[in-house]
Amino acid sequence: MTTILDPTDERKPVERQITERTGNLTGVIGLLDISKPRGNILLDELERLISKKAPDLTVQRYTKPTFAKPCPDTLRHEIRDNCDLVIEALAD
Amino acid sequence: MSNGQPKFSLNDLAGNPHDFPTDKASLICFVKEDCETCNTAAPVLEALHKTYGSKVNVLLISQSGDANNAFAQRHHLSMPVLDDQSCKTAFEWGIESVPSVFWIDEKGAITSQFEGFIRVDWETLAADMKTQTALPLAQIDWASLPKWRPGCGSKHLDPEVYDKLRAEADGSPIRARRIDIASSDDVMEFMFDQGFSDGLPLVPPTPERVMRMLGGTHRDPQDVVATVPPNMGVATVEKIAINAVMAGCKPEYLPVVIAAVEAVCTDEFNIHGVTATTMGAAPVMVINGPIREKIGMNMKLGALGAGNRANATIGRALRLVVRNVGGASAGGVERSTLGNPMKFTMCFAEWEERSPWPALHVERGFKPEDSVVTVFAMTGGPVHIVDQKSREPDQIAGSLGYGLEGVFLPQMRSLPVDALLVVCPEHIDTMMREGDYSKDRLRRRIQEVTKQPLSEAHVDNTLGTGTATQSNGDTPTVSKFASTDYIHIVVAGSEAGKFSSAFHGWVTGAAGSVSVSKKIDLG
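Protein chains in written order, with this note's numbering: chain A, 1 to 92; chain B, 1 to 523.
Misleading hints may appear alongside valid ones.
To be verified - Interface residues of chain B toward chain A, partial, derived using beta-carbon atoms under 10 Å:
#: 1; residue: V120
#: 2; residue: L200
#: 3; residue: L202
#: 4; residue: D267
#: 5; residue: T277
#: 6; residue: G326
#: 7; residue: G327
#: 8; residue: A510
What the hints contain is simulated information worked out from the structure, not anything from laboratory work. Each residue gets a CB set at the ideal place from its N, CA and C atoms; glycine is no exception.
Let the sequences and hints guide you as you build the complete structure.
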């Protein structure tokens with residue numbers, strides 16, 4: 001038998017549960033632009049479709065300072081506090 | 001010498017266990033079969049056992065595994081010969097050579113202790129045993145025995161055995177989870193299956209190898225060097241050492257790997273973004289200072305290529321730490337559209353002695369005698385810049401500028417993006433033939449030759465990316481780089497060949513990555 005030492009951080013990632021689906025689109029939806037080129041175009045179109053097809057949803061727009069770094073904690077917390085749903089746009 | 005030697009329970013040649021301590025006095029002798037001096041002592045030990053064995057335990061602890069039997073038969077030994085093939089007992093008792101004799105009273109206190117064969121020591125022992133047991137003196141022909149013969153080194157002090165025992169002992173600095181791989185499993189395949197590998201075979205990080213690797217740094221194995229994105233895994237010195245073993249590093253490379261991990265895990269360098277970007281960036285490491293020679297790094301012929309263990313494995317170890325401790329694997333957070341081979345490894349040293357300029361680390365504020373690692377986030381390279389004909393300094397400097405036009409796309413101008421230029425010795429010589437040609441002059445020359453009217457880079461039918469047309473119709477001229485600050489220059493390569501090379505950057509600056517230098521802690 002060979003023994004080796006674990007090269008990883010020895011932490012299994014937490015299994016995240018998908019939020020329960022209600023079947024309704026209500027509340028506040030955040031649209032997060034990660035600052036990639038043309039992300040705004042995609043989100044503009046999404047916002048147009050949402051206001052047409054889900055008029056009960058309130059849309060709030062957010063923008064990450066840069067797509068190249070993780071979302072700052074303050075922005076993440078703001079989205080968590082204000083929104084029921086969020087769509088993050090990856091575009092180019 | 002201490003009262004209360006460590007306990008043991010060892011099997012004799014028939015598989016029967018013998019424990020220490022007992023309530024009787026004990027004569028314990030460590031031996032190994034291929035030791036001349038142990039073979040000299042064996043008949044004496046047998047005589048002592050025959051004479052005093054009724055009142056004291058006489059135990060031999062032998063380190064020779066299967067050969068223990070041959071040793072016992074050769075000398076017709078009647079006392080228990082205990083198997084200490086793993087040398088664990090020898091390690092715990094702290095002996096240095098064999099034969100190593102312990103004469104211990106019934107309370108466990110050492111009465112006498114000696115090593116090797118100094119005849120008078122053994123004669124004194126025999127006399128002492130006679131007194132203790134009140135039995136007749138053992139019949140031993142002392143005159144036929146050598147007066148003095150040194151012992152052999154105990155097997156447990158062989159580096160292979162010793163490091164394993166240290167790793168397993170109580171108080172071992174090893175804290176990482178131990179993974180036992182069944183003998184029916186292939187260790188190499190197991191490591192691939194676990195996702196530990198970058199795609200190439202790994203050296204199994206056994207506890208003994210990791211112990212040896214940890215010997216390369218003065219730092220405590222549990223020191224936290226960095227938290228590694230994306231999972232923010234904690235990179236202790238030990239975890240870095242494990243990955244350095246897997247990469248194939250020697251212990252003396254470990255301080256370089258530690259400094260590199262520290263450098264890439266800064267907010268400035270942003271290894272998360274460097275790893276995640278679809279553009280396919282990778283850290284490029286440049287090593288400066290005395291460590292280059294000390295660990296045999298390549299800065300000359302083929303410096304940017306394969307063949308040098310330090311260059312290859314230090315760069316690889318950094319990548320494995322990001323993969324295994326940080327949790328960045330291809331298809332997970334690692335999202336490169338195409339990837340690039342620098343994601344395996346890219347590390348080289350600057351040939352400071354061949355450079356007419358201040359070395360990279362000195363430019364960045366360190367002392368020449370400091371050993372320093374500098375990391376750049378690069379998406380492409382090395383891209384060769386070929387000029388075998390220019391004979392004038394400005395011509396060569398100009399060619400180096402033209403060679404950088406391809407960063408991202410030739411039509412992209414005034415780029416706020418790093419480039420790392422590696423100038424070869426022959427190009428240096430041409431540049432210097434009329435006297436000093438400073439790095440700054442070379443940077444200015446690069447900006448000068450790459451200056452073009454902005455109209456060359458306008459978006460039109462043939463070019464969908466570039467610089468938008470000026471609404472007022474002006475066509476200013478712009479250089480390749482937004483500033484000379486983005487042009488980094490080092491010297492490396494063989495004496496022969498007019499081929500310099502360049503690495504092309506990623507998103508440079510606070511929104512992406514800024515190059516970082518860290519001093520290597522050599523203790």
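We went through each hint and held it up to the structure:
Given the 10 Å rule on beta carbons, the hint for V120(B) is violated: about 45 Å separates it from the nearest Cβ of chain A. Interface restraint check for L200(B): the shortest CB-CB distance to chain A comes to about 14 Å, outside 10 Å, so the restraint is violated. Interface restraint check for L202(B): the shortest CB-CB distance to chain A comes to about 9 Å, inside 10 Å, so the restraint holds. Against a cut-off of 10 Å between C-beta atoms, the interface hint on D267(B) holds, since the closest Cβ of chain A lies about 8 Å away.
Using the Cβ-Cβ criterion of 10 Å, the hint placing T277(B) at the interface with chain A is satisfied: the shortest such distance is roughly 7 Å. For G326(B), the interface hint holds, since its Cβ comes within 10 Å of a Cβ in chain A; the closest pair sits about 8 Å apart. The interface hint given for G327(B) is met, as the beta carbon of that residue sits about 7 Å from the closest beta carbon of chain A, less than 10 Å. The closest approach between the C-beta of A510(B) and any C-beta of chain A is roughly 8 Å, which is under the 10 Å cut-off, so the hint is satisfied.
When held up to the earlier numbered hints, the structure conflicts with 1 and 2 and fits the remainder.
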